[in-house]
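Protein chains in written order, with our numbering: chain D, 1 to 383; chain Z, 1 to 383; chain Y, 1 to 383; chain P, 1 to 383.
It cannot be assumed that every hint is accurate.
Same chains, same label: a pair holds when it works inside one copy or across any pair of copies.
Unchecked claim - No more than 25 Å apart at the CA atoms, straight line, and that leaves these computed lysine-lysine pairs for BS3-like: (1) Lys45 / Lys293; (2) Lys273 / Lys182; (3) Lys273 / Lys45; (4) Lys45 / Lys97; (5) Lys217 / Lys379; (6) Lys217 / Lys182; (7) Lys45 / Lys182; (8) Lys293 / Lys73; (9) Lys217 / Lys124; (10) Lys182 / Lys293; (11) Lys2 / Lys45; (12) Lys2 / Lys273; (13) Lys97 / Lys124; (14) Lys2 / Lys217; (15) Lys124 / Lys273; (16) Lys2 / Lys124; (17) Lys217 / Lys273; (18) Lys97 / Lys73.
Just so you know, these hints were derived from the structure itself, not from any lab.
Protein chains: 4
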Amino acid sequence: MKQKLRMGMIGGGIGAFIGGVHRIAAALDGEIELVCGAFSSDPEKSAASGADLGLPADRVYGSFEEMVDIENKRAPEQRMQFVSIVTPNHMHAAPAKLALQNGFHVICDKPLAFNLDEALELEKAVQQTGLLFALTHNYTGYPMVKQARQMIRHGELGEIRKIVVEYPQGWLSTNLESTGQKQAAWRTDPQRSGIAGAMGDIGTHAENLAEYITGLKITELCADISTFVPGRLLDDDGNVLLRFENGAKGILHASQISAGEENNLNIRVYGEKGGLEWHQMEPNTLLVKWLDKPSQVYRTGVGTLYPEAQACTRIPAGHPEGYLEAFATIYRNFARCIRARQEDRPPDPLDLDFPTVSDGLRGMQFIERVIASGNSTEKWLSI
Amino acid sequence: MKQKLRMGMIGGGIGAFIGGVHRIAAALDGEIELVCGAFSSDPEKSAASGADLGLPADRVYGSFEEMVDIENKRAPEQRMQFVSIVTPNHMHAAPAKLALQNGFHVICDKPLAFNLDEALELEKAVQQTGLLFALTHNYTGYPMVKQARQMIRHGELGEIRKIVVEYPQGWLSTNLESTGQKQAAWRTDPQRSGIAGAMGDIGTHAENLAEYITGLKITELCADISTFVPGRLLDDDGNVLLRFENGAKGILHASQISAGEENNLNIRVYGEKGGLEWHQMEPNTLLVKWLDKPSQVYRTGVGTLYPEAQACTRIPAGHPEGYLEAFATIYRNFARCIRARQEDRPPDPLDLDFPTVSDGLRGMQFIERVIASGNSTEKWLSI
Amino acid sequence: MKQKLRMGMIGGGIGAFIGGVHRIAAALDGEIELVCGAFSSDPEKSAASGADLGLPADRVYGSFEEMVDIENKRAPEQRMQFVSIVTPNHMHAAPAKLALQNGFHVICDKPLAFNLDEALELEKAVQQTGLLFALTHNYTGYPMVKQARQMIRHGELGEIRKIVVEYPQGWLSTNLESTGQKQAAWRTDPQRSGIAGAMGDIGTHAENLAEYITGLKITELCADISTFVPGRLLDDDGNVLLRFENGAKGILHASQISAGEENNLNIRVYGEKGGLEWHQMEPNTLLVKWLDKPSQVYRTGVGTLYPEAQACTRIPAGHPEGYLEAFATIYRNFARCIRARQEDRPPDPLDLDFPTVSDGLRGMQFIERVIASGNSTEKWLSI
Amino acid sequence: MKQKLRMGMIGGGIGAFIGGVHRIAAALDGEIELVCGAFSSDPEKSAASGADLGLPADRVYGSFEEMVDIENKRAPEQRMQFVSIVTPNHMHAAPAKLALQNGFHVICDKPLAFNLDEALELEKAVQQTGLLFALTHNYTGYPMVKQARQMIRHGELGEIRKIVVEYPQGWLSTNLESTGQKQAAWRTDPQRSGIAGAMGDIGTHAENLAEYITGLKITELCADISTFVPGRLLDDDGNVLLRFENGAKGILHASQISAGEENNLNIRVYGEKGGLEWHQMEPNTLLVKWLDKPSQVYRTGVGTLYPEAQACTRIPAGHPEGYLEAFATIYRNFARCIRARQEDRPPDPLDLDFPTVSDGLRGMQFIERVIASGNSTEKWLSI
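Chain D on its own, in the form it takes in the complex:
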C-alpha cells in the first residue's frame, strides 16, 4: 500500500497567503499529508491555525525548534518526513538548517534566504547532509514553461540572441504597508525581506524563469532600481539590462507599481530560427514564432509535447490548469524523489525537475548584484 508522505509546516498560520497555497499544492496530487506544524512564532496563533486545519493538538507546535525536537522523537512511521518553510525571508535559513541537521528534507519558499551569507550556509548544509532541498520557484512548474525549455534545449529556435522577461504587478502602487496589510508589510520591511523589495520578491522569479527556460546564465547586468512610493523603504521597480554567457542580450524588469497589472510574469526568447512567448496569466498557451512561417500556438495537452511537459499535465487539453497545479508539480516531484530515496531506488529523471538550493543561491546572487548595480555608476556588474 502506497502511503502518503508526512509533511510538517513552518509558518503559514491563519491570514497568511502563501501558507495556504503550499498546503493546497501539497494536497492536490494525493501524495502528501500535512501531519504537524509550527504555524506561528506565537504559540496561541499556531494552535488556532492547527485546529482550524484539523490537526490533533499534540502535532501543533509553538516553535519550529520544538517541532523538530519532538517530531524527531516520534516513531519513524509516524514522524514527519519533510518540512515546508513558508515564513518571511528572514526566517528561512534557521529552520531550514535545523531541519536538515536533524535529518528532515526541506522544501522552502523563495527567495532562499535573507542574504547571500545565509544562502551560502544553506547550500553547505544541503551538501553536508545530502538531503533533498526544493525551492518553490513555482512558475517553472507549468507545462508550457517546461515545453519552452525543452524546445530551446533541443535547438528548435537555434542559438539564442535575445531574452525579454517581465514581471509587472501594481498592488504596491500606494503605500499599502502603512495600512497594516500583512503581505505588504513584511515585503517592504528591510528587517524581514532583506536588501531588496520587488527585485527580491518577484525579480528573482523573473531571473529564475529566464535562466530555467533558456538554460543560459546571466553574466553581466546593468540596473536602474527605483522606489516610487513615498515612505517606502525598499525598491518597488527595477529595469535591468542583461548579458548572457553565450552573448545573448536581454532585458528584465520587475515592478510592483505598474498600476493595473495583476501578476503579469511573461517571457519572450528569440533565437536564430524563431522565438517563443509565454504569459503566466494565460499559462497553458505557448506562442512559437518562426521566420516567415505562420506562428504556432502550443497548448497544454495538445499534440506531441516533450515528456517534461506531459509529466506535469493532469487533465485533458482545454481544461485549464493554473497556478496551484504548477505549484503542486514542485511538491509532487520533490515528494517522489523522497519516496525514491526511501525505496532505495534512483528517482525518475523527470521527477528531478524542481528548483534546488543552487537555484536559490543563484537568486540571492542576483539580488545582491542587481541592488549593487542600482547603486553604482559603473555600467556593467558581473554576476
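Fit chains Z, Y and P to the supplied structure of chain D, relying on the hints for placement.
Frame of chain D, contents of chains Z, Y and P only:
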C-alpha cells in the same frame, strides 16, 4: 478540532479520467478525505485502484452494494459520510438510490442518469430522504461565472434579449471509439451513455450554464442533430435554436467534431443595457460590454466583485485558478452544507450554491427534448 | 501613359456613411478618379456635395437620369466609364439598369436590390448588356478571407462538416431611428430597406462570407427572426440553422441588438482534418486549427500565402490593413477588369475575384427565404 | 470649389515600399493630388515610374533639382504646392532644403536626416522660410494613440512613473542585405542610413511614440547596442534604460532580429492611478488599467473619446482602420494647414497635430546619443 469529511467513491478506477478529477477536487481544499471506494465492477481492478490510492484493503470494495452495506455497519465516526459517483451514465442511478436509501449524501457526475425515468426516480429519492445531492456541473464553479450570474440577477445588463452558448470540441473528429480509447468508447455507446452522445456529454453543460448564468428557463427549442463520423452510433454535433421564458432568443451548439477545438465552452449574453462574454478556456476573465462605452474586463480577484464570486476565489488576482479549482468549489460547498447539517445549523447561503438533483432533472429533460427535436419535422418543441 | 478610370457616383451626398467609404476605396489604389456624381435626389444637396468634393459644377447632377443622359453625350475620353451606386436599397435597381442600358459598367452597394424581382431583372440586364457588374460584399476583399477560401478549395481542411458564421452589432439596441439618425432611419424603414432589417443589412454579408469561404451553397434553412426594440418595423435579430449542399451543417446569426458589439462579423469552419477561424475586427489574422497539433496563426504578409491573398496585400506584415483596404480591393479588381476589356485582353484571373450580380441575386434569395422561414411553422425551407 | 492640393514626390520609384505608402496616404482622403515627381536619381527609372503612375511625361523629372526648378516656373495654379520626400535617409536634407528655399512646403519620411548636423540645418531652414514641414512619424496618427496622449495630458493616470516601449521586428534575422533585397540593403548601409541601423529605422519611432504619448522628454539613457548578424555593418538590436524629465523610469528596446515578430511596436505607460497599453498591430484597441477596478477596453469610435481621437477616425467602430489610415492622417493634417495658410486663416488646432522638424531633430539627437551610449562605459548619458 475540525475533522475532514469522509468520502467513499464509486467508479473512477485506474485509467478513468473523471475519477481522478473528482479526487483532486475533493482533496484540494483540505475539507474532505477519501476513506473508501468501489472503484470498478471488477473486484480485482477495484482492489488495485484502492491500493494505488493508499487506501487500506478493507476499505476497498468489489461493488457499490458491498460498500454501502459494509460501511453502514462501521462505527459512525469511521463510516463514510457521503458517496461520490463517477461511473458512466448508465451506472449513476442505481448506486445513487442505494446510497440515499442508506442515509448517505451523494455527489454525482453529470448527466444525472441514463434516461428521464431514472432521473425522476432519483429526484423522488432525494425528496423522500431529505439528503443532500450535488451534481458536478463544474463549470458553474468558476468565480467569473458566478459574477456573471449576479450581474444579471442585479439587473446590470437590463432585460436579457439574446444568449449564445457554445461547446465545441474536436476530439471525436475521427472514429476514436474503434481504437479502444476508453473515454470515447462509453460516451458513444447507447448502452452506457443513453440516447445522446455530444448533446448529453457536453450539450447539457451548455444548457446548464445558460440557465445558471441568466436565471432564465428555456421554454422551446428547435434542433438539428447530426452524426458525422461514419459508424458512430450517437450524435457528435448539434445546433439548436432556443427560446427563453422572458422572450429572449438563443442559440446553443455543441460538437465533438469541431476539429482543432479543445474544450471551448463559452457564452455570450446580451441585455438591453449591455452584454457579457465568458470563455471556459480563459476562465478568469469576464468581458462586459456596454452601449457606446468602453468594455470592461472583469477579472477574478480584481476590484469589488459579488460575494458569490469572491467566495470561490482562493488566491490573489493574476494567479490563475482553473478547472480543478472550479470543480473543487462544488465539492467544497457540498461538504460545507453536510457539515452544517451535522452541526445542526443552517448552511451559509453562499455554500448552497451548487447544482442539485433538480438541475440534473432539467438536463435530462433537455437531452430528451433536443434529441426528439432532432428527429422531428415540427419546428418548435416545448421543454 | 496609364490613365485613371473615370467614375460617376449615384448617392453618397454629405452625411452619408457608405458614400465616403466608396470614395476612399475607389481612390486608394490610384487607379480610379471621381469625375461626376448625382449625390442626392435633391439637386441642391447634390450640388453642395459635389462642390465639397472639388468637382466642377457641370459634372454634378440633380438626378441619376440626368447624369447618365449628359455623360453619355460627352466625348469618350472625358465621359465617365462606370457608375458607383451607394443609395439605400430601394434606389439600386433603377439607376443600375439605366446605367447598364446606356453602356456603363456598374459597381453597387449591397444588398443588390429592394426585392427579389428587381434582383432578377438586374441579373437579366447584366446578361443582356454583357457589361461588368460588381457588388460590394467588401468583406471578401480581406487577404485572410481569400487565404481561408483557398485553403478550403485546396482541401487543406478535408471535407467541410460545420460552419458557424456570426454578425453581431449592438448599435440598434435602442430606437435610434426615432432620433433622426440617418443610417438607422432608412435601414429600419420597409419602404427603403425592403422586407428585412438586420438580415438584409448584415445577414447577407454573413451568408455571402460563408458561401465565399467554403465554396458551398446553403440548401436549407430554419430561422427564428425577431424584433426586440419596441416600435421597430423590421427585424433586428435573427438566428438561423443552415444545411449545405455537401451535408455540412451550420449556424448563422446576425443581430443589431447585441449590446456592446461593434461590427463583429466572424466565421469558423470545421472540416475533417482541421478548422479555421476569422474575425473581421482583427482581419489580418487567420487561426488554423488541427487535429492534435498546435494551431497556426496565419497573418497577412507572413510566409507563403496563396496568390489570391498576396494579390490584395499592399504593405508588409504587421502594418495592419483594414476595412477600407478590403473595400478598395473590390474596386481595384473591378477597375482592372474594365481596363482589360478596354484594352481588349482577358483579365488577370486574380482580378476576376469580386462579387457579381449572381452573388447579389443569391443574397436576395437568402433574404426572401430567411424572412419566410421566420414567419413559417415549417421547420426547413429550401433555398 | 475646393481644389486638391498639388504634391510633387521625390523618390519612391518602382519597387520602393515607402513611396507607395506615401502615395496611398496622400490620396486616401481626397484632398491631395500627385502632380509630378522625381522618382529616382536614374532619369529612366523616374520616367518609367511616372508613366506607371499615370503622370504626363513633362511632370516627371530626372532629378529633384530639375523638378524644383521647372515647377517653380509653372503657373501658380498648376505648380506643385508641396514636396513629399521618400528617399533613403542620406537623401532627405538636400531636397528638403532646396524645396524650402524655393517656397515649397515639405513632408519628409523619418528619420529627419543622415546625421545631427543636417538635422540642425534643416531646422534652421524651416525657421528661416517659415514654411510648413511635416515628418511622417506615422504611428502618432492612430486614433488610440491620440486618445492615450490626451488621457495622460488630462491627468487620468496621475503622475507618470514608468514607460515601456518596444519595437521588435524579425525581418533582418538573416543577412538579407546580401541577397540584394532593396529595403534591407540601404537600411544596413552606413553610407545611406547613417550611424544607426535598427535604432534609426525603428528605435526613433519608439522614442517618438513614448514622448508623444506621455508628453515627457527623455533626459538620460543607458544603452546596450548589438549587431547579431555576421557581416552586418549597423546595429540590429538595442536595449535602452530611460529616465524622463519628471523622474519616470523607462525601457526602450528595438530589434530587427527578434525572429518571428512582424512590426510589433507597442507601449505601456503606468501612472499613479492607472496604466495604459497600446499595440500597433491591433491599433484600434487601447487597454486602460486601473488600481483594483476592472480594466477598460477603449476602442476607436466607441463612446466619448477626446476630439483629437475622433478627428482622425473615418468610419464607424468595428470597421478597422489601419496603418495607411494613420499615415493618411499625417498627410491630411499637413494638407489642411497648408490650405489654411493659403486661405490666410489660422488652422484648426486639431490639424496642427502632426510631427514637425523639431520632432525630427529630437529623433536625430536620440540616435546620436543612443549609439554613443552603446559605445560608452559610462552608465548614463544625458540627451
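Check: Any of the earlier hints contradicted here, and which numbers?
Finding: 1, 3, 6, 8, 12, 14, 15 and 16
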